[in-house]
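K.L.:
Here is what each chain is made of, one letter per residue.
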Amino acid sequence: MNAISSTRALVIAAVAACCTGTFAAEHVVTQKAKAFSTKKLSLKVGDSIKFVNEDPFSHNVFSLSDAKSFDLGSYGQGGSKSIVFDKPGTVEVECAVHPDMKLIVEVQK
Amino acid sequence: MLRLGMAVLMALAGTSVPAADKPADKSADKSPQGAQGALLPRDSTDAAVFRGGLVYANYCVTCHGYNADGNGRAARLYNPKPANLRMSDKNDAYFGLIIRMGGEAMGRSQFMPPWGAELTDEQMKDLVSYLRSINMRPKE
Numbered sequence: 000m001n002a003i004s005s006t007r008a009l010v011i012a013a014v015a016a017c018c019t020g021t022f023a024a025e026h027v028v029t030q031k032a033k034a035f036s037t038k039k040l041s042l043k044v045g046d047s048i049k050f051v052n053e054d055p056f057s058h059n060v061f062s063l064s065d066a067k068s069f070d071l072g073s074y075g076q077g078g079s080k081s082i083v084f085d086k087p088g089t090v091e092v093e094c095a096v097h098p099d100m101k102l103i104v105e106v107q108k
Numbered sequence: 000m001l002r003l004g005m006a007v008l009m010a011l012a013g014t015s016v017p018a019a020d021k022p023a024d025k026s027a028d029k030s031p032q033g034a035q036g037a038l039l040p041r042d043s044t045d046a047a048v049f050r051g052g053l054v055y056a057n058y059c060v061t062c063h064g065y066n067a068d069g070n071g072r073a074a075r076l077y078n079p080k081p082a083n084l085r086m087s088d089k090n091d092a093y094f095g096l097i098i099r100m101g102g103e104a105m106g107r108s109q110f111m112p113p114w115g116a117e118l119t120d121e122q123m124k125d126l127v128s129y130l131r132s133i134n135m136r137p138k139e
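If you're matching them up, the sequences are chains A and B in order. Residue numbers for the first sequence follow numbering that gives the first Met the number 0, beginning at 0 and rising by one. Residue numbers for the second sequence follow numbering that gives the first Met the number 0, beginning at 0 and rising by one.
Hints are computed from structural coordinates only; laboratory data are not their basis. From the three backbone atoms N, C-alpha and C, an ideal C-beta is built for every residue, glycine too. Misleading hints may appear alongside valid ones.
[As the list claims (entries may be wrong)] Cβ-to-Cβ under 10 Å is the rule here; a few derived chain B residues that face chain A: (1) Asn57; (2) Phe110; (3) Pro112; (4) Glu117; (5) Asp120.
Make a model of the complete structure from these sequences and hints.
P.N.:
The following block contains the structure:
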């Protein structure tokens, strides 16, 4: 196999990996007016969510679900925190400061 | 809605409301409020404790628990676990500051959010009154 063939094979493998979802994706969920930008989100195991605070006050995203328990702590306007979802299942995401904020994350294999 | 219902139940169970202790003598009560039951004076300590209980039930129970002993449903996420507010040795000024500014600003847990932007001054003051009312630490 010459150099050109090797390069071509690598490119094809990389494209195939992208198309089949081998690489983890980052989903962005904003918090604005005391609400998540979406109420439900489906993603794959290994994907992450970046929570971006667009409110002029702090949010504190957490979850107590079996599939993923975490607390990202408080972060103010313009701040963001990320979390990787490493197990399949349903994750209910909440905000400790604003009890009415809810987001359901369906993590699929 | 469930949370609000629990808040009202907890506030009713956890606070004393002297005005409701005695059966209303409607024949003797000539005030306009008498028809609806006696109301606590807005500025009274009992009213502040009652309102503070509602604030507590809505915002604090997740971590500190319904009994304020630090065993809320989220407590398992933290080490050290949330403070046992019934046995706290902190004074009202400290309570007011950590509620307003959050734990990190006070050298405590970063997971205690700052509530200054979410609660009104009155709500924070009421919450301190409620916490004082349930504190069981023996006075030294």
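K.L.:
Evaluate each hint against the coordinates.
P.N.:
Quick rundown of the hints versus the structure:
The closest approach between the C-beta of Asn57 (chain B) and any C-beta of chain A is roughly 6 Å, which is under the 10 Å cut-off, so the hint is satisfied. For Phe110 (chain B), the suggested interface contact is upheld, since its CB lies about 5 Å from the closest CB of chain A, less than 10 Å. For Pro112 (chain B), the interface hint holds, the least distance from its beta-carbon to any beta-carbon of chain A being 4 Å, beneath 10 Å. Using the Cβ-Cβ criterion of 10 Å, the hint placing Glu117 (chain B) at the interface with chain A is satisfied: the shortest such distance is roughly 5 Å.
Contact between Asp120 (chain B) and chain A, as hinted, is not supported at the beta carbon level, the nearest pair being about 15 Å apart and thus beyond 10 Å.
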